[in-house]
Amino acid sequence: MNKIKNPMVNYENKWVALSSDKKKVVAAGSSIKQLEKKLKGFKKEEVILTFVPPFDKVLSLQC
Amino acid sequence: MLNSRVLTYDYLRFVEKDEKTQEFTREIFAPFISVRISYGHKLSFPFHALVDSGAARNLLPAALGEQVGINIKKGKQVKLLGIGEVEVIAFTNKVKIYVGLNVFETEVDFSFEQKIPLLGREGFLNLFQRVIFDENFHQVQLILKNKS
Numbered sequence: 000m001n002k003i004k005n006p007m008v009n010y011e012n013k014w015v016a017l018s019s020d021k022k023k024v025v026a027a028g029s030s031i032k033q034l035e036k037k038l039k040g041f042k043k044e045e046v047i048l049t050f051v052p053p054f055d056k057v058l059s060l061q062c
Numbered sequence: 000m001l002n003s004r005v006l007t008y009d010y011l012r013f014v015e016k017d018e019k020t021q022e023f024t025r026e027i028f029a030p031f032i033s034v035r036i037s038y039g040h041k042l043s044f045p046f047h048a049l050v051d052s053g054a055a056r057n058l059l060p061a062a063l064g065e066q067v068g069i070n071i072k073k074g075k076q077v078k079l080l081g082i083g084e085v086e087v088i089a090f091t092n093k094v095k096i097y098v099g100l101n102v103f104e105t106e107v108d109f110s111f112e113q114k115i116p117l118l119g120r121e122g123f124l125n126l127f128q129r130v131i132f133d134e135n136f137h138q139v140q141l142i143l144k145n146k147s
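If you read the protein sequences in the order shown, they are chains F and R.
Each residue of the first sequence is one higher than the last, beginning at 0 in numbering that gives the first Met the number 0.
Each residue of the second sequence is one higher than the last, beginning at 0 in numbering that gives the first Met the number 0.
Because the hints were derived from the structure by calculation, they are not lab data.
C-beta: ideal position from N, C-alpha, C; glycine also.
Please note: incorrect hints may appear among the correct ones.
[What the hints assert, rightly or not] Once the Cα atoms are required to be at most 30 Å apart in a straight line, the calculated DSBU-like pairs of lysine-lysine come out as: (1) 43/F - 19/R; (2) 73/R - 23/F; (3) 42/F - 95/R; (4) 78/R - 22/F; (5) 16/R - 23/F; (6) 42/F - 93/R; (7) 37/F - 4/F; (8) 43/F - 114/R; (9) 42/F - 78/R; (10) 78/R - 32/F; (11) 114/R - 21/F; (12) 39/F - 73/R; (13) 146/R - 32/F; (14) 56/F - 73/R.
[Stated by the list, open to error] Facing chain F, according to a computed beta carbon distance under 7 Å, are these residues of chain R, among others: (15) 18; (16) 20; (17) 23; (18) 62; (19) 86; (20) 114; (21) 115.
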């Protein structure tokens, strides 16, 4: 079932900048700092930084 | 948003993959919301953070603090214990957090070992009157406290 439409599907374990409507990835990097460099020229309000977790692991977090 | 005291966020959609076949199996939903932090006059990019009722405190990747000019290691060092008794070193700093149009002063633990931003009970959930996780509609609702 590879037909799932999700903008983050190709960005496992990476930091991405989603468009403000969350429908597309406008930039990606392996770290926040690398991603920031790719966002020069964007207004901060235009994107949402998002870490894409591994897809084969269950998100079960607590500290 | 019908009631200005209620902030409603749709869960963020991710995908799940079978470890053996690497096939995508389904979409999963998690209560990530978009927030920003500021320190001094520097405001961060908006970022998605997981509203995590299992987390005692806020825990963010150090790079998000550095983005707003925080010298992370100048904060008070704390040791946090997570699932599997994994210990994480973090540094507590005071920031402002922006949730919708609302701004709160709070404390955040920043760690160089943490990737997923977490919003925990002390310093985030306790800023609100109530927090509702709606697992059927995949929404989280943050209900603001009455101003006295």
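Cross-check of the supplied hints:
Distance check on the hinted pair: residue 43/F and residue 19/R sit about 39 Å apart at the alpha-carbon level, beyond 30 Å; violated. A distance of roughly 37 Å separates the Cα atoms of residue 73/R and residue 23/F; the hinted pair therefore is violated under the 30 Å criterion. For the given pair, residue 42/F sits about 20 Å from residue 95/R by alpha-carbon distance, which is consistent with the 30 Å threshold. In summary, the hint linking residue 78/R to residue 22/F is not supported, as the alpha carbons are separated by about 37 Å, beyond the 30 Å threshold.
Straight-line distance between C-alpha atoms of residue 16/R and residue 23/F comes to about 20 Å, which keeps the hinted pair within the 30 Å bound. Simply put, residue 42/F and residue 93/R have alpha-carbon atoms about 25 Å apart, close enough for the 30 Å limit, and the pair holds. Taking the CA atoms of residue 37/F and residue 4/F, the gap is near 24 Å; set against the 30 Å cutoff, the hint holds. Between residue 43/F and residue 114/R, the direct Cα distance comes to roughly 20 Å. Compliance with the 30 Å bound is thereby established for this hinted pair.
The straight-line distance between the Cα atoms of residue 42/F and residue 78/R is roughly 36 Å, outside the 30 Å bound, and the hint therefore fails. The straight-line distance between the Cα atoms of residue 78/R and residue 32/F is roughly 24 Å, inside the 30 Å bound, and the hint therefore holds. With a CA separation close to 20 Å, the supplied pair residue 114/R and residue 21/F stays within the 30 Å bound. As the CA atoms of residue 39/F and residue 73/R are separated by approximately 28 Å, the hinted pair is consistent with the 30 Å bound.
For the given pair, residue 146/R sits about 38 Å from residue 32/F by alpha-carbon distance, which is inconsistent with the 30 Å threshold. Of the pairs offered as hints, the one joining residue 56/F and residue 73/R is violated, with about 34 Å between alpha carbons and a cut-off of 30 Å exceeded. Among the interface hints, the one on residue 18/R holds; its C-beta lies about 4 Å from the nearest C-beta in chain F, closer than the 7 Å criterion. The criterion of a C-beta within 7 Å of any C-beta in chain F is not met by residue 20/R, whose closest approach is roughly 10 Å, and the hint is violated.
With a least beta-carbon distance of about 5 Å to chain F, the hint placing residue 23/R at the interface is held under the 7 Å criterion. For the restraint placing residue 62/R at the interface with chain F, the shortest Cβ-Cβ distance is roughly 4 Å, inside the 7 Å limit, so the hint holds. The beta carbon of residue 86/R comes no nearer than 10 Å to any beta carbon in chain F, farther than 7 Å, and the hint placing it at the interface is violated. A distance limit of 7 Å between C-beta atoms decides the matter here; for residue 114/R the minimum to chain F is near 5 Å, and the interface restraint holds.
The closest approach between the C-beta of residue 115/R and any C-beta of chain F is roughly 5 Å, which is under the 7 Å cut-off, so the hint is satisfied.
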